[in-house]
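*Asks:* Sequence:
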Amino acid sequence: MNADAAPQEITTLVGREVYSNNGVFVGEVEDVRLDLDSQVVTGLALSQLSDELFTSRIEPGKGVMIPYRWVRAVGDVILINDTIERLKDENSEEAAA
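Residues in the sequence shown are numbered from 1 upward in steps of one, following full-length UniProt numbering.
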């Protein structure tokens, strides 16, 4: 799916699970952010976040917005760059310090 998909395809993103390229669960799409002028998706609002990645960074019940440019593939699930996994690595380094 490309960023200039038809509106009916955009709504199908809501509810899909998001994983990193390495298969780490990140969260679930709650909403999409659109640029109304160009009618393209610019971000994904995620909820049901991975405790492993976000516990020490995000308050329970809160979500995150990730840039759509991180999306690598959309299918039954959405795959994003492994950039998000760096949060986990940073948490490990902080715990070791």
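In case anyone wonders, no lab produced these hints; they're calculated from the structure. If you're wondering where the values come from, they're calculated on a predicted model, not measured in any experiment. Possibly wrong hints are sitting among the right ones.
[Claimed, not checked] Restraint-style ranges between C-beta atoms, simulated for each label pair: (1) S56 with D82: 14 to 24 Å; (2) D76 with R33: 18 to 28 Å; (3) E9 with T55: 26 to 36 Å; (4) Q48 with G75: 14 to 24 Å.
Ideal placement from N, C-alpha and C gives every residue a C-beta, glycine not left out.
*Asks:* Does each hint fit the structure? Answer for all of them.
*Replies:* Tested hints:
1. S56 with D82: 14 to 24 Å: Since the Cβ atoms of S56 and D82 sit about 19 Å apart, the hinted range of 14 to 24 Å holds.
2. D76 with R33: 18 to 28 Å: holds, 22 Å
3. E9 with T55: 26 to 36 Å: Holds: the Cβ-Cβ distance is about 33 Å, inside 26 to 36 Å.
4. Q48 with G75: 14 to 24 Å: holds, 19 Å
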